[in-house]
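Hey, can you work out the whole structure from these sequences and the hints?
In the order they appear, the protein sequences are chains A and B. Its first residue numbered 2, the first sequence is counted upward by one per residue in my numbering. Its first residue numbered 4, the second sequence is counted upward by one per residue in my numbering.
Quick caveat, the hints were computed from the structure, so don't treat them as lab data. Where hints are given, some of them may not hold.
Partial selection, computed: residues in chain B whose CB lies under 7 Å from chain A [as the list claims (entries may be wrong)]:
| hint | residue |
| --- | --- |
| 1 | Q13 |
| 2 | A15 |
| 3 | P16 |
| 4 | M20 |
| 5 | L24 |
| 6 | A26 |
| 7 | A28 |
| 8 | F45 |
| 9 | P46 |
| 10 | E49 |
| 11 | K50 |
| 12 | A54 |
| 13 | D66 |
The structure displayed is predicted, hence computed values, not measured ones. Beta carbons: idealized from backbone N, C-alpha and C, even for Gly.
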Amino acid sequence: MNISGLSFNALPPIDLPFRFFISAPVFIIACAFLVFFSGESLWLSRWQPNMLALTHGFTLGFLTMVMMGALLQLLPVIGGIGIAKPRLIATASHTLYFIGVAALMLSFIVAKSWLTITAMVLLSFGLSIYIGAVVWVLIRKISQGDSIVGFRLAIIAFVCLIVLGLLLLANRVGISLPVMLLGKHITDIHALMGLVGWAGILIIAVSFQVLPMFHVSPNMPKLIRQYLAPTVFFLTLLFIFSGELVLPLIFISHAVFASILFYVIKHRKRKVQDNSIKYWQLAATSLLVLNVLYFLPDKFYSNTDSSLPFLLPDKSMLLTAIFIYFYLLSVIQGMLLKILPFLSYTHLQQRCLVDFSAMQFIPHMHNFLNKKHGLILYYLHIVSGLTLLAVLCESKLYAVFALCLLVEFVWLLILMVRCMRLYFSVNVKINLSNNN
Amino acid sequence: MELIRVDVKQLAPPEPMTVILSALAQLTEEECLLVRHRRQPFPLYEKLQQAGFMYHCEVHSDDNISLYIYRQDDQKLFEHVFNNNIIQSKARN
Chain A
2 MNISGLSFNA LPPIDLPFRF FISAPVFIIA CAFLVFFSGE SLWLSRWQPN MLALTHGFTL
62 GFLTMVMMGA LLQLLPVIGG IGIAKPRLIA TASHTLYFIG VAALMLSFIV AKSWLTITAM
122 VLLSFGLSIY IGAVVWVLIR KISQGDSIVG FRLAIIAFVC LIVLGLLLLA NRVGISLPVM
182 LLGKHITDIH ALMGLVGWAG ILIIAVSFQV LPMFHVSPNM PKLIRQYLAP TVFFLTLLFI
242 FSGELVLPLI FISHAVFASI LFYVIKHRKR KVQDNSIKYW QLAATSLLVL NVLYFLPDKF
302 YSNTDSSLPF LLPDKSMLLT AIFIYFYLLS VIQGMLLKIL PFLSYTHLQQ RCLVDFSAMQ
362 FIPHMHNFLN KKHGLILYYL HIVSGLTLLA VLCESKLYAV FALCLLVEFV WLLILMVRCM
422 RLYFSVNVKI NLSNNN
Chain B
4 MELIRVDVKQ LAPPEPMTVI LSALAQLTEE ECLLVRHRRQ PFPLYEKLQQ AGFMYHCEVH
64 SDDNISLYIY RQDDQKLFEH VFNNNIIQSK ARN
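Here it is in structure tokens:
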């Protein structure tokens, strides 16, 4: 019998994840200006310095920023234990990380060694603090094993990608290490660890919990919950030794995940119109499209000696763009639409345990983030994604993509600010009511 | 001790919490709330203690738990009736 004892499972104060969330669109807005002012040359290759700034703005500035904030809340909800000293850890890591990513993007654009070193120092400290706190939780024996195993693997991949990233930055400032002899393969491992190992596995692990929880869907099959994340992680490690053989398996494992997503979504009990579900469906469709594109013969791509009348853009650029924009970004935006109003509501709701009459001050959950406004974001996301594909085919369209990107993420920022303002105004009302 | 039952298994957040809070607002002395849920509401636990409640959770499977919530003053009574399986059931809507 487990009569309640001491617990460390309270949600961290809401302003902590909020500051990660609200910082994220700022980086993509910066990316929109970067795309606009870089012109056509940005799209020549993935090795363009400004392209490196752009990809890190998306992956570190937006995706990782949101995932770091979300993990702060997910650990106590899913595992039952949150990080220790959340205010100190979140404030220090967020501040260092925010400035570190900005310095990193600038260091790619203006190529100054002092900026690169600044970015290395800030990111090292910021991420060490954050990862240390998360590992402190994850090494404990906590509930909901399948997701937690996924979190652990994602964090290991995160550490690997950071170490490789720091080695690559060290190389830029003239500190050459023997491992750099592997050349571009190191960059490929770094990218795969980030996109598939860190972001991909974390999304897989989170999906095991959030789909049944928010959408009352059936649990994912036990085999998938137990083996999918470890399989993807193992394949990511194998990529270090044999890239060509492993990549097809990574794509296939994601096609399996996409199929399971469709199955679970189809069999959910609450079949109400929901923007997050639309995002999950878009993400799953993108994974299947990625498989088709990956297994398409090379003669369909422009970087080969093909004589076909219409050719697809550079294969690695196209696949990476779809994976980041239509898969990772879609899931993250869909999650934001779900957790921003939920967290706001649930934090206020928990205050009513002592005084139930305070419930009268809490508006309906949809007032925190209007469904129609969420749907507008979804359509903006599709439009800007399509303009990204267009700019890969015809780089002259870069200004259109920049504009779409700007509109989409300014809109997301507005939705976030409105949600947070409503939360804080209701919180003040409850405080006043308690004081009277 | 009387048992008040609520089943929130088919509800999506934040409805389970709304149902639990409403039931707790009406919970009188010598009553115990039994919540049937798909998952443990971990963040609620610490708040329950701060608000003067105790809880006991039984995990039946991956998506099936029973959570008993009662007032701290009733702890001995709860342990007595729970261990001797003499809780009376009462439905409340």
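Against the structure, the hints:
no.: 1; hint: Q13; in the structure: holds (6 Å)
no.: 2; hint: A15; in the structure: holds (5 Å)
no.: 3; hint: P16; in the structure: holds (6 Å)
no.: 4; hint: M20; in the structure: holds (5 Å)
no.: 5; hint: L24; in the structure: holds (6 Å)
no.: 6; hint: A26; in the structure: violated (10 Å)
no.: 7; hint: A28; in the structure: holds (4 Å)
no.: 8; hint: F45; in the structure: holds (4 Å)
no.: 9; hint: P46; in the structure: holds (5 Å)
no.: 10; hint: E49; in the structure: holds (4 Å)
no.: 11; hint: K50; in the structure: holds (5 Å)
no.: 12; hint: A54; in the structure: holds (4 Å)
no.: 13; hint: D66; in the structure: holds (6 Å)
In this structure, the one hint that does not hold is number 6.
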